[in-house]
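Colleague: Protein chains in written order, with numbering that gives the first Met the number 0: chain A, 0 to 734; chain B, 0 to 184.
There's no promise every hint is true.
Label-pair ranges, simulated between beta-carbon atoms [as the list claims (entries may be wrong)]:
hint, chain 1, residue 1, chain 2, residue 2, range
1, B, SER116, A, ILE15, 38 to 46 Å
2, B, ASP80, A, SER91, 51 to 59 Å
3, B, SER116, A, VAL116, 28 to 36 Å
4, B, SER116, A, HIS153, 31 to 39 Å
Simulated pairs of lysine-lysine, DSSO-like, Cα-Cα distance not exceeding 30 Å [to be verified]:
hint, chain 1, residue 1, chain 2, residue 2
5, B, LYS99, B, LYS184
6, A, LYS142, B, LYS70
7, A, LYS276, B, LYS99
8, A, LYS519, A, LYS549
9, A, LYS521, A, LYS549
10, B, LYS70, A, LYS212
11, A, LYS142, A, LYS212
12, B, LYS184, B, LYS28
13, B, LYS28, B, LYS58
14, A, LYS212, B, LYS99
15, A, LYS400, A, LYS434
16, B, LYS58, A, LYS276
17, A, LYS266, A, LYS276
18, B, LYS99, A, LYS266
19, B, LYS70, B, LYS134
20, A, LYS521, A, LYS505
21, A, LYS266, B, LYS58
Everything labelled a hint here was simulated from the structure, so no lab data went into it.
In this text, a Cβ means the ideal position worked out from N, Cα and C, and glycines have one as well.
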Amino acid sequence: MAIGKIAPPVSISVLIALGAILLSLHLMSSATQNPSVLGDMYAWLLLINVLGSVLLLGLVVANVHSLVRQLKKREAGSHLTARMVFLFVLLSLAPASIVFYYSMQFLHQSIDSWFDVEIDHAMDDALELSRAAFDQRMRSLLKETESMTERLEHLPDSVAAIELDALRTDLAASEVTLISEQERIIASSSFNPRSIIPSLPDDSILLRLRQGKSYVGLDPIRNQGMQIRVVVTIDSEFPRYLQALYPVPVRLDSLVQSVESAYAHYKEMSYLRSALKMSFSLTLSLVLLLSLLGAVWVAFVSIRRLVAPIRDLVQGTRAVAAGNYEQRLPVTSRDELGFLVESFNAMTQRLAQARDEAYRSQLEVENQRAYLETLLGNLTSGVLSFDADHRLRTANQAADKILNVELAAYRGAPLSALSAEQHHLVHFVEMLQEKLEQAQTMWQEAITLLGPNGRQELLCRGTPLLTIVGERSGTVMVFDDMTDLIRAQRNAAWGQVAQRLAHEIKNPLTPIQLSAERLKHKLSKNLNPADAQMLERATQTIVHQVEAMKTMVNAFSDYARPPKMQLEEVDINRLIEDVLRLYSTQGTIRFHVSLDSAVPGIEADPVRMRQVLHNLIKNAQEAVEARSPGEIFISTRCILENRSYYVEIRIQDNGPGIEPEQVERVFEPYVTDKAKGTGLGLAIVKKIIEEHGGIIWVDPDYRDGAGFVIRLPERAGHRESNDASIESKDRRQTA
Amino acid sequence: MNLLRWLFISFSWLFTGPGIAAEYGFQVKSAELVREQNEYVLNADIDYRFSERAIEGLKHGVPLTLVVAVKVYRNRALIWDERVVSVMLRYRIRFHALAKVYQVLNDSSGVQRNFVSLPDAVDALGRIRGMSIIKAGRINSDDQYEVSIKADLDIEALPLPLRPVAYVMPQWYLGSSWYTWPLEK
Chain A
0 MAIGKIAPPV
10 SISVLIALGA
20 ILLSLHLMSS
30 ATQNPSVLGD
40 MYAWLLLINV
50 LGSVLLLGLV
60 VANVHSLVRQ
70 LKKREAGSHL
80 TARMVFLFVL
90 LSLAPASIVF
100 YYSMQFLHQS
110 IDSWFDVEID
120 HAMDDALELS
130 RAAFDQRMRS
140 LLKETESMTE
150 RLEHLPDSVA
160 AIELDALRTD
170 LAASEVTLIS
180 EQERIIASSS
190 FNPRSIIPSL
200 PDDSILLRLR
210 QGKSYVGLDP
220 IRNQGMQIRV
230 VVTIDSEFPR
240 YLQALYPVPV
250 RLDSLVQSVE
260 SAYAHYKEMS
270 YLRSALKMSF
280 SLTLSLVLLL
290 SLLGAVWVAF
300 VSIRRLVAPI
310 RDLVQGTRAV
320 AAGNYEQRLP
330 VTSRDELGFL
340 VESFNAMTQR
350 LAQARDEAYR
360 SQLEVENQRA
370 YLETLLGNLT
380 SGVLSFDADH
390 RLRTANQAAD
400 KILNVELAAY
410 RGAPLSALSA
420 EQHHLVHFVE
430 MLQEKLEQAQ
440 TMWQEAITLL
450 GPNGRQELLC
460 RGTPLLTIVG
470 ERSGTVMVFD
480 DMTDLIRAQR
490 NAAWGQVAQR
500 LAHEIKNPLT
510 PIQLSAERLK
520 HKLSKNLNPA
530 DAQMLERATQ
540 TIVHQVEAMK
550 TMVNAFSDYA
560 RPPKMQLEEV
570 DINRLIEDVL
580 RLYSTQGTIR
590 FHVSLDSAVP
600 GIEADPVRMR
610 QVLHNLIKNA
620 QEAVEARSPG
630 EIFISTRCIL
640 ENRSYYVEIR
650 IQDNGPGIEP
660 EQVERVFEPY
670 VTDKAKGTGL
680 GLAIVKKIIE
690 EHGGIIWVDP
700 DYRDGAGFVI
710 RLPERAGHRE
720 SNDASIESKD
730 RRQTA
Chain B
0 MNLLRWLFIS
10 FSWLFTGPGI
20 AAEYGFQVKS
30 AELVREQNEY
40 VLNADIDYRF
50 SERAIEGLKH
60 GVPLTLVVAV
70 KVYRNRALIW
80 DERVVSVMLR
90 YRIRFHALAK
100 VYQVLNDSSG
110 VQRNFVSLPD
120 AVDALGRIRG
130 MSIIKAGRIN
140 SDDQYEVSIK
150 ADLDIEALPL
160 PLRPVAYVMP
170 QWYLGSSWYT
180 WPLEK
């Protein structure tokens, strides 16, 4: 509401208006007491005051309306304002009303006291006395005048006019006039020569005369006191009237005037008594009304000003409670409230600073956490942390992979829950439980797991976590899957053993074979046919077995031979086609070849790569021999992984496939399900692929037989030239 | 003062209504402006019918002042009429308690007359004769003129305590309507 927000200049102008109204009120009050000076302005003053009252009433009503609306909306500070206004109105209304009531009483009693019955009588008596003072004189004057009429009775008008002067002197009158029946002046004689026109009696006097009565009465003259008017009829054939005006003695005149004016004033006041009361009451009521309304309005304005900082504070507190610490309140005064507002501002500023600091710290902690998580996520070692109650707090991705469990599901859960659901982790959890409960310092433990990933050798290291004050707050444990390392160490040992063994075994084999052939050659001629035949069989056996042993030792040697690769650029598609050419003519096996022409050349030893292909295709061929038709699928493609390009070769058959429990060990030496063979085929394949920096695994998604996937890194330096083609191929794959 | 008067009239009508207006009120019975030598004088008869309250006040010594407003307008074809003259004639009537007479005073001429009876006094009050209004030289013989007259009781001349009551009482609002006639030259 506009009035509710009166700015200082408007407020000042309204105060000036209020002052003007009060001034007019004062003038009106003065006018009531002393009408002569301000009497003419009375109506305007009354109007101004009534309008002022209406204006103030309007202001007060608007303020009350605004306050009621604020109360309904439950605006801040409205209750306080209402209470203060109510208190103020009560405090100002009560004494004002009491004063008003008694003032009215006093006023009415005072006015009434002016008009006493005795004074009434006294005034009437005074007037009567005044009349009585004249009565005697008037009667004698009437008689005198009537007696004089005889002198004029029979005189004609023209003579009578001359007689009048003498008559006036005899009567000691100031003016004598002879009037005809038609009310015309016949003649007049005046003591005052300036009085040209004689004063004529009025119609009612003449009427009285016509009825035969004479008239005598007092006749006030303007500004000149009284005179006595006597009018009598002159008896004759033609009735005429004689009017004589007599002066009144000066002393008597002044006394009578005084009595008359006092009586007139008293009578007027007496008549105006109720009006007087009313006008005084009106003035008093207007004074009260204006003062009260003005006071209430000023109270509204000042209370609103007073409450403004409190309202601001309430709003500010609400804002702070809602989390808005930027709230600053205007400091409008230098008093205690101003101090309160300043303190509030300082408080919110501090809160905002504290919040900002907390936010920054939180952000930093968050960043640290994200950093740590990234770090942990990219670690190949599994990391687990536990709280003081041995509940899992964090686990990284490597831990999930190594333990083959979604550890996020067990965050916050006790270790027993993990072992209860994941049976392969029972030993692991038992060990962990024991260490968590007992270990006081850093510990290390190797443990073997048997789970979905097969046999796993884990090396675990744990450290208790301590708080700043040295209390134990949990434990962090780092563990590695050592299976591959141990296996590699074993393979290396195998290689060395094989090499030594091959060397040691191969050396005596040639002399044995030569000696056996020499025995046969030297002795067969000297023996009888039966013995010769036996010798022949024996030497034959020795030669064959030695030959077989040689083959075996050679194979063994091949497996253990240190890498000596002749690297050159190899087009893998062409190599596959070359190898397949040898097989395509054999048997009934159907080959399905899908070679990607975009596959880049790789740097490899072609002979060894050929051996890899031979070994795998031969394995597949042997696997599908029993099938009709046997099918072998060979495909190549280029893939992008971890920003590196790889050539992927897939060889799949529709044979019986690999037993699930064999999948992990199929690349180990001497693991085979075939009746013949050295058991080194796939071990050699794996070795060669790894020597080329590639990997090979059994395709777990292929279920129609055995499937192998080889992935070889692209030849270094090839990327730049083939970028476009590979990218186009990638897009094709994506599509 | 006219604005104020109307404000109070409308205010008082809100309370009392127009119902009893017929029992009292003033009326201009006849009026003429005649040329006497070199000036125009007013002869008029006004019927003053005072309300009971006014008469009661008069009898209790409250003097009543009557204002007779006379206005002469020169008619103009296209624009508003020009006011040539506006005269306020003030008459006063009061009761003299000691002499028991009603005094009628013409403020303009200073003439005072006494009347034994009120009707005579009122008649005399309403009979205006030969009041000089305008010099003959100010009247152009080629132009058309209009004269208006009205009579009102002057509330502002009442004693002050009576005025607040008079402002809101129709019985104190005594006045005639405008009486208008063309000036005969």
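Colleague: Take the hints in turn and mark each one as holding or not.
Modeller: Each hint tested on the structure:
The hinted range of 38 to 46 Å is not satisfied by SER116(B) and ILE15(A), whose Cβ atoms lie roughly 57 Å apart. The hinted window of 51 to 59 Å between ASP80(B) and SER91(A) holds, with their beta carbons roughly 57 Å apart. Distance hint check for SER116(B) and VAL116(A): the Cβ-Cβ separation is about 30 Å, which falls inside the suggested range of 28 to 36 Å. A C-beta distance of roughly 33 Å is found between SER116(B) and HIS153(A), which places it inside the suggested range of 31 to 39 Å.
Restraint check for LYS99(B) and LYS184(B): not satisfied, since their Cα atoms lie roughly 44 Å apart, outside the 30 Å limit. The suggested pairing of LYS142(A) with LYS70(B) is violated, with an alpha-carbon distance near 52 Å, which exceeds 30 Å. Taken as a hint, the LYS276(A) and LYS99(B) pair is honoured in the structure, with Cα atoms around 28 Å apart against an allowance of 30 Å. Restraint check for LYS519(A) and LYS549(A): the C-alpha separation of about 20 Å stays at or below 30 Å, so the hint holds.
Between LYS521(A) and LYS549(A), the direct Cα distance comes to roughly 24 Å. Compliance with the 30 Å bound is thereby established for this hinted pair. A distance of roughly 45 Å separates the Cα atoms of LYS70(B) and LYS212(A); the hinted pair therefore is violated under the 30 Å criterion. Distance check on the hinted pair: LYS142(A) and LYS212(A) sit about 13 Å apart at the alpha-carbon level, within 30 Å; holds. Our distance criterion of 30 Å between C-alpha atoms is met by LYS184(B) and LYS28(B), whose separation comes to about 21 Å.
Restraint check for LYS28(B) and LYS58(B): satisfied, since their Cα atoms lie roughly 26 Å apart, inside the 30 Å limit. Among the hinted pairs, LYS212(A) with LYS99(B) is consistent with the structure: their alpha-carbon atoms are about 18 Å apart, no more than 30 Å. Between the alpha carbons of LYS400(A) and LYS434(A) the distance comes to roughly 22 Å, so the proposed pair stays at or under 30 Å and holds. Proposed proximity of LYS58(B) and LYS276(A) is supported: the alpha carbons are some 20 Å apart, at most 30 Å.
Between LYS266(A) and LYS276(A) the alpha-carbon distance is near 16 Å, which keeps this suggested pair within the 30 Å criterion. Of the supplied pair hints, the one linking LYS99(B) and LYS266(A) holds, its CA atoms being roughly 14 Å apart against a limit of 30 Å. Straight-line distance between C-alpha atoms of LYS70(B) and LYS134(B) comes to about 13 Å, which keeps the hinted pair within the 30 Å bound. Simply put, LYS521(A) and LYS505(A) have alpha-carbon atoms about 25 Å apart, close enough for the 30 Å limit, and the pair holds.
For the hint linking LYS266(A) to LYS58(B), the alpha-carbon distance of about 9 Å falls within 30 Å, and the restraint holds.
Violated hints, listed in ascending order, are 1, 5, 6 and 10; each of the other numbered hints is respected by the structure.
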